[in-house]
Amino acid sequence: MIEVKDLTKRYGATTAVKDLTFTVRPGSVTGFLGPNGAGKSTTLRMILGLNEPTAGSVTVGGRSFRDRPRGLRHVGALLDAGDVHGGRSAAAHLAVLARSNRIPRRRVDEVLAEVGLAGAAGRRRIGGFSLGMRQRLGIAAALLGDPPVLLFDEPLNGLDPEGVLWVRGLFRRLAAEGRTVFVSSHLMSEMENTADELIVIGRGELIAAESLTRFAARGTGANVTVRTPRAADLADVLTTEGAVVHRDGPLLTVTGLDAARVGDLACRHALPLHELAPRSASLEEAFMELTADSVDYLAGEAR
Amino acid sequence: MNSGTASGATSASGTASASGTAVGSAPGAAVTTGEPAARFRDLLAAEWLKLWSLRSTPWAYLVTALAVIGFNVGQAYDTYRYWTDENAGDADAFIRDGIPLAEAFTSNAVVIHLLAAGAIGAATVAGEYGTGLIRTTFAAVPDRRAVMAAKAAVLAGVTTVFGTLVAFVSFFSTQAILSGRDIGVSLGHPGALRVVLASALLTPVAALTGMALGTLLRHMGSTLVATVAALLVLPMVVSPDRYWSVLIAHSLPYPAWRRLTEPGANFGPYPWSEGGAWTVYAVWALAAAAVTVVSVNRRDQ
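First to last, the protein sequences are chains A and B.
Start counting the first sequence at 138; every next residue gets the next number (the numbering used here).
Start counting the second sequence at 325; every next residue gets the next number (the numbering used here).
Don't read these hints as lab results, they were simulated from the structure.
A virtual CB, placed ideally from N, CA and C, is assigned to each residue, including glycine.
Certain hints may be false.
[Stated by the list, open to error] Below, a sample of chain A positions facing chain B; criterion: calculated Cβ distance under 7 Å:
1) LEU187
2) GLY208
3) ARG210
[As the list claims (entries may be wrong)] Label pairs and their computed distance ranges (CB to CB):
4) B:ASN621 / A:GLU422: 43 to 49 Å
5) B:VAL618 / A:THR191: 50 to 56 Å
6) A:ALA255 / B:TRP376: 21 to 27 Å
7) A:ARG147 / B:ILE572: 49 to 55 Å
8) A:ALA255 / B:ASP402: 54 to 60 Å
9) A:SER226 / B:ASP624: 27 to 33 Å
10) A:ASP143 / B:SER380: 42 to 48 Å
11) B:VAL485 / A:SER267: 37 to 43 Å
12) B:PRO360 / A:THR196: 21 to 27 Å
13) B:PRO360 / A:LEU324: 50 to 56 Å
14) A:GLY223 / B:SER569: 43 to 49 Å
15) B:TRP376 / A:SER267: 25 to 31 Å
16) A:LYS142 / B:VAL618: 46 to 52 Å
17) A:ARG162 / B:VAL618: 36 to 42 Å
Just chain A, same shape as in the assembly (with noise of 0.2 Å):
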């Protein structure tokens, strides 16, 4: 449990993190989403005590983490992949980690197979690692301590199609095994697959925090497509009920009703669906148009 409460984060005028409030709970995937510079990464060092927020106050399991004398058991995180020294192999950085934590060495040779480093791999000096590899050694380190917490920065970068759906997998048994996992993105397409809830911030601001199917029906572009050979009754019938409704032959595209509420519409009325579509993709449309007014960097942008 990670509970964050008016925090507040300012570099001279700038304001990084500001009144930020909200809580992730064990035993789900919560996913932190804001376009690039809204205040992620500073939101991650402020909860692991990395950096002193101005204001406000960020507890994990109910205390601050800078109080604990060791963290490993307690969060593990992936900050930055490149937060490591090249000159080490990887089996000696997790060796270091886990001395320190007084954590037994052979857990090092446990994560660096969890996350296929072992063997050869694991000895071969991280400067030579592609990114990917470092985020798997990253991620390797986060698990050193077996911790009920883990935090995760962009983990899914520079990983191949295969990693990602590893990470995927290992982040939903990491929830199912009731830890809380926070990860962030700037890509609502990489959470869509991975996350149950969402914290959404923009420009160091919180702009939505619930979970990814209510955030989804926030998006405007969500619809139902629904394929029927009385299609014009069936519009009727929606239009009536307060649906937006789009014609092209036998297909609707119904937008203000969910599947659920045109199939039971349709029933009542004997109309027969062939085909009905819920369209969940507007996740990205939806994470767009919150996000829209705190886009720091816009490409075009005259500055």
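Dock chain B against chain A, hints included.
For chain B alone, coordinates are given in the frame of chain A:
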């Protein structure tokens, strides 16, 4: 050395009491963690592992040792090689003037030694900031002061052993060469042990200075410039003839080394005591360790 272990003991007891209250924490966490008590010696062991898991570490020490011992042996060999029969009559005067001791650790060698030790200390911390590893370290051990105390203790320990080794090897090899002309002295010779110890202990003083500056500046380039300035440039620009200038000179490690190794040298109108020189060593080491440990506590990482 003292500084590192002293601050280490403090933070070790501090962390032990803190972890006592940690039992039964993490309300609402579904996964329970059985956490052993935090021990300072785990941090020492981690820093030790961190040091020796880099290939550059043994190389840095080896190259420094070869260069320093090489300069000393070279000077002794030069004396041996160009020693003439005319000189032979002056052998007693040669020894009386302390020249065998001056050749046991030459001022050329000490400059290299000072710079190398300072750079090794600077790299320990500035390297960790430069790569970003420091964030990984502090996320694993939120007790930052304990981490830095462990770093300072390991650095002080390793550089003390290293400095002692280099100083003794320099002493015995140079005196063995000089003995070929009957002008070598033994360790029992008055002042001999002081030369060896002053040269040996200058190593941790310089290394801790580099580490403290690295902790403050966090950037390799500027840290090295500041280290060179503090250890070498500052002693060169102060004048031995002006009171305020001398006050500064008498508070710097390199002049302190000279005071300890060249007792016969003329220190101008403002002489200073041997005890004063040893105090400079102690104060620099303690202050550097204190800066290293304290300065990480409040700053953002």
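We went through each hint and held it up to the structure:
no. : hint                            : verdict
1   : LEU187                          : 4 Å, holds
2   : GLY208                          : 5 Å, holds
3   : ARG210                          : 4 Å, holds
4   : B:ASN621 / A:GLU422: 43 to 49 Å : 46 Å, holds
5   : B:VAL618 / A:THR191: 50 to 56 Å : 22 Å, violated
6   : A:ALA255 / B:TRP376: 21 to 27 Å : 23 Å, holds
7   : A:ARG147 / B:ILE572: 49 to 55 Å : 40 Å, violated
8   : A:ALA255 / B:ASP402: 54 to 60 Å : 57 Å, holds
9   : A:SER226 / B:ASP624: 27 to 33 Å : 30 Å, holds
10  : A:ASP143 / B:SER380: 42 to 48 Å : 46 Å, holds
11  : B:VAL485 / A:SER267: 37 to 43 Å : 39 Å, holds
12  : B:PRO360 / A:THR196: 21 to 27 Å : 23 Å, holds
13  : B:PRO360 / A:LEU324: 50 to 56 Å : 40 Å, violated
14  : A:GLY223 / B:SER569: 43 to 49 Å : 45 Å, holds
15  : B:TRP376 / A:SER267: 25 to 31 Å : 27 Å, holds
16  : A:LYS142 / B:VAL618: 46 to 52 Å : 29 Å, violated
17  : A:ARG162 / B:VAL618: 36 to 42 Å : 38 Å, holds
This entry does not satisfy hints 5, 7, 13 and 16, going by the numbered hints stated previously.
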